[in-house]
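Enquirer: In case you want the letters, here they are:
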Amino acid sequence: MMPLWTKSGKRHAVTLLKVEDCHVLKYISKEELGGKKAKLLVGGKNVSPFYKSESNTKLFREAGVPYKQKVTTFDVTDDALLKPGTPLYAAHFRPGQYVDVTAKTIGKGFQGVMKRWGFKGQPASHGQTKTHRRPGAISTNKAAKVYRGKKMPGKMGNIYRTSLGLKVWRINTKHNIIYVNGCVPGHTNCLVKVRDSKLPTYKDCNKNPPFPTFFADGDEELPEDLYDEEVFQFTEPSVTY
Amino acid sequence: VNSDGKPTKFQPPPKPVIIDKRRPQEERRFLSPEFIPPRGRTNPLKYYMERKDMIQRRKVFNIPEFYVGSILAVTTADPYASDKVNRFVGICIQRGGKGLGATFVLRNVIEGQGVEICYEMYSPRIQAIEVLKLEKRLDDNLMYLRDALPEYSTFDVNMKPVSHLDHEEVPVNKLQVRMKPKPWSKRWERPQFNIKGIKFELPEEKMKAAQKWSKPWLEFDMMREYDTSKIEEKIWKEVSEALRK
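Keeping their order, the protein sequence lines are chains D and H.
Quick note on numbering: the first sequence equals residues 1 to 241 in the UniProt record's numbering.
Quick note on numbering: the second sequence equals residues 1 to 245 in the UniProt record's numbering.
Everything labelled a hint here was simulated from the structure, so no lab data went into it.
Listed next, the in silico BS3-like pairs over lysine-lysine satisfying Cα-Cα at most 27 Å (straight line):
(1) D:7 to H:52
(2) D:18 to H:46
(3) D:167 to H:46
(4) D:174 to H:234
(5) H:98 to D:10
(6) H:237 to H:98
(7) H:46 to D:193
On a predicted model such as this, the values are computed, not experimentally measured, just so you know.
The following block holds chain D by itself, in its conformation from the complex (with noise of 0.2 Å):
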């Protein structure tokens, strides 16, 4: 994470993700999956193939394109369908954009109610026996029974969650990096999942997207760095009132 001074001098902190090595993978109609959008997998980081197991092989055999670590669906329209090997960038986005990001949290092991749920627990002290991070009661008399979904002492962490709303305040497009707003699910160098922002407010925020995808071999030459309007660039003087 990195600080980001806006023009008026508001700081921001911001995440860089990185985006390695991204191919779309296979293209599944919507009539297979008998709904309104079509889907793409995508896979992400390359690893090495002799340590994964091989029930994926054939699926990165035919798209001609190294193991990959990751492999993830997007659902698209029919207008923005990629052929299956097309690379990915970060120029795929723009500054300005609103982005999800999805990553599985970093996972905390078996905890306690507290920490879990966030329970307040028992006092300290003051004559209480044993008892001081429990949950307590569990369930009424009436109901004779513990209703399903009781929040109770478990594993914590490590499943998928989304950062919905972050915008876009940076590219990079030397290294693939997009500088994201605010904080994303995830431990430091995790696989993430971005995409184009599902809320209504963001809705119609990407005014001129690269539609499908950007491509590389195209005659659109980018600047190394693509700025949002309002951030401040170091190879400007300092900020006056």
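Given the coordinates of chain D, work out where chain H should sit on it, guided by the hints.
Expert: Just chain H now, with coordinates in the frame of chain D:
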């Protein structure tokens, strides 16, 4: 013959130290501490991107060399001030943070009230940083000035900059500061702080009792060793080349 009555041991004469003043002496190197990345599992690419931004900022805006104990004057842009600029003079008591978020805390006593301001070195609101007096102190962290007598933290707001030649060594001020009566904000006599710049006027028993909390094994702990010499060399080369362009 010695005052003890024993015969004096033969002391060989000291070897002469020859300083060749004809050639220019080796340039003093100073790499700002926020360039050195901390130990961790982060991708080095992140520190490389941060360093690029820091070098970019330093090309446009001059951040001078200073240490904890130097007296600085910082002018920032302030939308609520009448002149739109705010000038603060103070002694640097702490330098913290790594990368773009590096900070330094300046302390001064203004009209009897102690004031500490924490500035971010790479914030675009800072218009100028001047070093009024470049010097080092015996410690890296002068937070104990809060519990010292106020005369040690008062500096004239209109003081003139004291000149310092580029090639000379940075002077170390071996001042030992006198404290206000206890209680202090922290127990500065304890060995964990390792403070050399306080003239402790506490009784001997209190100083001995403080040594009870000493951890003599810490200096031999190999897991805590972080040798930054090679990293510093690489980063110094990178930064000095980029700034020279």
